[in-house]
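Protein chains: 2
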Amino acid sequence: MAGFTGLGAEQQHRATYEYDIDHPECFASEDNGATPVEVVLVGLAGCLTAGIASVAQFRGIQLRSVTATIEGQMNVLGILGADPDIRNGFETITVRFAIDADATREELEALIAQAQKRSAVFDVVANPTKILVELA
Amino acid sequence: MAGFTGLGAEQQHRATYEYDIDHPECFASEDNGATPVEVVLVGLAGCLTAGIASVAQFRGIQLRSVTATIEGQMNVLGILGADPDIRNGFETITVRFAIDADATREELEALIAQAQKRSAVFDVVANPTKILVELA
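Chains as they are written, first to last, in our numbering: chain A, 41 to 176; chain B, 41 to 176.
The hints are simulated quantities; they were obtained by calculation from the structure and are not laboratory data. C-beta atoms are modelled at their ideal positions from N, C-alpha and C, and glycine is treated no differently. Treat the hints loosely; a few may be bogus.
Said to hold, decoys possible - Listed next, the in silico PhoX-like pairs over lysine-lysine satisfying Cα-Cα at most 20 angstroms (straight line): (1) A:LYS157 x B:LYS170; (2) B:LYS157 x A:LYS170; (3) A:LYS157 x B:LYS157.
Unchecked claim - According to the in silico footprint, chain A covers these stretches of chain B (three or more CB under 8 angstroms from chain A): (4) 95 to 106; (5) 122 to 129; (6) 139 to 151; (7) 163 to 169.
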């Protein structure tokens, strides 16, 4: 990931960020990285966590620590194409936040709800997105 | 990312894979990593590329190189919440593959189509997924 276009100009990251992706040994690969679906979960957890930090700052809530634990349930028969009624992707994803902050439980729940509402990756995963895959 | 449950047992990756995520300086952050939405694109490109390699092997197509170029179109007014009619996520995503292989253009297009059909991340992004976000 090197750059993007926005705010009226071509933008560059400070550096080109590289990520290794692989599949585990039980899928006949070498396990030299997280799997692609796990990388999507990393993006979702990162987006929601950044949102929590941002909304907390806006609301004057002092955060001491935020930890996201994320799980996706997937039926391997879908991936393998063994059962056409089972989808390829996640059946459900659960993100659980442990937050240490100067705030009530109600304030923290409202904080999480707002971060979810504003999260781009939550939107991408929760809703359908049009994807065009083509040969150059 | 450390492990997963599957094939009747708890599975562990060979190592725990860690990824840094951040937002760019024009979003008032420090740009110490790709953004969460870019990480999702990395997962999509990785999943489709792995699928192409896998289907090519199955079909006896010798690949010399596969390069994915991926772009997501996003209206920043959606992220900022400035216009409720504009979604937070990608409007469209385009993945373009340059492939050097011993195969005809028709064979390569069929290869890409099958990789798309079997891709878990394509399924996750193209279709709605239920996500539960909660406070521990």
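Tell me the hint numbers this structure goes against, listed in increasing order. Violated hints (numbers, rising): 3 and 4; every other hint is consistent with the structure.
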